[in-house]
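**Student:** To convert, count from 1 in the sequence shown and add 527; that's this note's numbering.
Please note that the accuracy of each hint is not assured.
Distance windows between CB atoms, simulated [to be verified]: (1) 624 with 571: 16 to 24 angstroms; (2) 629 with 561: 28 to 36 angstroms; (3) 629 with 547: 32 to 40 angstroms.
Derived lysine to any residue pairs resembling SDA-like cross-links, with alpha carbons at most 20 angstroms apart [stated by the list, open to error]: (4) 609 with 552; (5) 610 with 584; (6) 610 with 621; (7) 610 with 548; (8) 610 with 622; (9) 609 with 590; (10) 609 with 566; (11) 609 with 564; (12) 609 with 636; (13) 610 with 547; (14) 610 with 628; (15) 610 with 565; (16) 610 with 566; (17) 609 with 568; (18) 610 with 589; (19) 610 with 634.
Calculated from the structure, these hints are not laboratory results.
Just so you know, even glycine gets a beta-carbon here, dropped at the ideal spot from N, CA and C.
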Amino acid sequence: MKADALRGHLDALLLATLDGRELHGYAIIEALQLRSGGALDLPTGTVYPALRRLERAGYVRSEWTTVSGRQRRTYQLTTAGKKALTAERAAWREFTTAIEGVLGSGPWPAKA
């Protein structure tokens, strides 16, 4: 998938990946790959700065935990992050409906 296609959607993808669970950074990358059928293979240099930005914005919080015997920073959504994700999902539905109206193969609506 082209990086340009993700522009403006990375934060929503990260928030959705953390919805209802706490994950460390690499597990977030793996979850994105899995849920996208391998289409999203984001480098750590993209994901970690975005997680830090979301943390500064108050949408995620992190803490150091031990995972499989290793110290890792784990992330989870805050209340503000859950609200932001709800808004992102609504905006995504509106966007995809509009784009499908143009790119979809259905007939064009009659002029009003």
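**Student:** It remains to establish, for every hint, whether it holds in the given structure.
**Tutor:** Outcome of the hint check:
1. Hint check: residue 624 to residue 571, Cβ distance near 34 angstroms, so the stated range 16 to 24 angstroms is violated.
2. In this structure the supplied range 28 to 36 angstroms holds for residue 629 paired with residue 561, their Cβ-Cβ distance being about 30 angstroms.
3. Distance hint check for residue 629 and residue 547: the Cβ-Cβ separation is about 33 angstroms, which falls inside the suggested range of 32 to 40 angstroms.
4. Restraint check for residue 609 and residue 552: satisfied, since their Cα atoms lie roughly 18 angstroms apart, inside the 20 angstroms limit.
5. Straight-line distance between C-alpha atoms of residue 610 and residue 584 comes to about 13 angstroms, which keeps the hinted pair within the 20 angstroms bound.
6. Simply put, residue 610 and residue 621 have alpha-carbon atoms about 17 angstroms apart, close enough for the 20 angstroms limit, and the pair holds.
7. Straight-line distance between C-alpha atoms of residue 610 and residue 548 comes to about 15 angstroms, which keeps the hinted pair within the 20 angstroms bound.
8. Under the criterion of a C-alpha separation no larger than 20 angstroms, the hint pairing residue 610 with residue 622 is consistent with the structure, at around 18 angstroms.
9. Only pairs whose Cα atoms come within 20 angstroms are accepted, and residue 609 paired with residue 590 is accepted, the gap being roughly 18 angstroms.
10. Distance hint between residue 609 and residue 566 is unfulfilled; the C-alpha atoms sit about 25 angstroms from each other, more than 20 angstroms.
11. A hinted pair counts as satisfied when its Cα atoms are at most 20 angstroms apart, and residue 609 with residue 564 does not qualify at roughly 24 angstroms.
12. With a C-alpha separation of about 37 angstroms, the suggested pairing of residue 609 with residue 636 is violated against the 20 angstroms cut-off.
13. For the hint pairing residue 610 with residue 547, the CA-to-CA distance comes to about 13 angstroms; that is within 20 angstroms, so the pair holds.
14. For the hint pairing residue 610 with residue 628, the CA-to-CA distance comes to about 28 angstroms; that exceeds 20 angstroms, so the pair is violated.
15. With a CA separation close to 28 angstroms, the supplied pair residue 610 and residue 565 exceeds the 20 angstroms bound.
16. With a C-alpha separation of about 27 angstroms, the suggested pairing of residue 610 with residue 566 is violated against the 20 angstroms cut-off.
17. At most 20 angstroms may separate the alpha-carbon atoms for a hinted pair to count; residue 609 and residue 568 exceed this at roughly 24 angstroms.
18. Annotation: proposed proximity of residue 610 to residue 589 holds, straight-line Cα distance about 18 angstroms (limit 20 angstroms).
19. Taken as a hint, the residue 610 and residue 634 pair is broken in the structure, with Cα atoms around 36 angstroms apart against an allowance of 20 angstroms.
Checked against the numbered hints given earlier, this structure breaks hints 1, 10, 11, 12, 14, 15, 16, 17, 19; the rest are met.
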